[in-house]
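Colleague: Each chain, written out:
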Amino acid sequence: GEDVEQSLFLSVREGDSSVINCTYTDSSSTYLYWYKQEPGAGLQLLTYIFSNMDMKQDQRLTVLLNKKDKHLSLRIADTQTGDSAIYFCAESKGGYQKVTFGTGTKLQVIP
Amino acid sequence: GAVVSQHPSWVICKSGTSVKIECRSLDFQATTMFWYRQFPKQSLMLMATSNEGSKATYEQGVEKDKFLINHASLTLSTLTVTSAHPEDSSFYICSARDQGGINEKLFFGSGTQLSVL
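Chains as they are written, first to last, in the numbering used here: chain A, 1 to 111; chain B, 112 to 228.
These are computed hints drawn from the structure, not numbers from a lab.
Derived list of chain B stretches under chain A, where covered just means 3 residues or more per stretch with a C-beta under 8 Å from a C-beta of chain A:
no.	stretch
1	115-122
2	155-167
3	217-226
Just the calculated beta-carbon pair ranges, DEER-fashion:
no.	chain 1	residue 1	chain 2	residue 2	range
4	B	Pro119	A	Thr81	22 to 32 Å
5	B	Lys125	A	Gly40	21 to 31 Å
6	B	Leu228	A	Gly40	19 to 29 Å
7	A	Ser51	B	Gly127	39 to 49 Å
8	A	Pro111	B	Gly164	46 to 56 Å
Computed list of lysine-lysine pairs in BS3-like fashion (alpha-carbon distance at most 27 Å, straight line):
no.	chain 1	residue 1	chain 2	residue 2
9	B	Lys216	A	Lys56
10	B	Lys216	A	Lys93
11	B	Lys175	A	Lys98
Each residue gets a CB set at the ideal place from its N, CA and C atoms; glycine is no exception.
Using the sequences and the hints, build the whole thing.
Modeller: And the structure:
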């Protein structure tokens with residue numbers, strides 16, 4: 001079955017880069033996502049990458065995918081206090097298939 | 112952007128009572144809605160997929176008679192936790208997919224914290 005794992009916590013200083021890592025087990029995953037959850041709020045899709053891509057950049061966000069190692073990372077450049085939240089990695093086998101979420105990484109940004 | 116409204120945000124109830132949680136898509140039609148359960152420091156666990164006008168599809172291990180799902184319209188799905196017990200205490204989140212959209216158009220409610228005494 002699907003299994004998506006992340007470290008639970010990351011602390012960085014404001015202005016530094018944050019790198020949040022994720023591993024998944026299902027090699028048939030075709031979509032990989034990063035979601036952000038702020039306190040008391042729902043999940044917000046930040047970005048996604050297709051499994052045939054190695055990298056995707058969107059403003060301060062860079063997603064790297066190592067399909068061989070089933071490793072996904074999210075890099076946030078110039079991290080701000082407003083980036084403090086829980087970040088979920090997720091995967092699905094297709095655009096209409098169910099999405100399986102990781103355990104979430106709590107990012108704490110220190111001013 | 113698209114908005115999914117989930118109500119209530121939190122609810123406290125006595126053991127044995129039933130609780131209904133609503134999930135509404137405010138500015139789009141959602142043929143498919145999903146219900147998740149989230150435990151502290153754990154991932155979102157998909158409970159069921161709700162399709163408008165048909166029976167919900169439950170994930171393995173989720174009791175359909177315990178967690179009743181109704182998706183009567185393109186903008187509303189409800190989850191009723193029947194005969195709630197303390198072990199049902201959890202954070203429940205719904206999501207809705209824009210009609211015809213793929214997972215990029217999956218929008219989440221703000222969640223409901225259920226505490227069963």
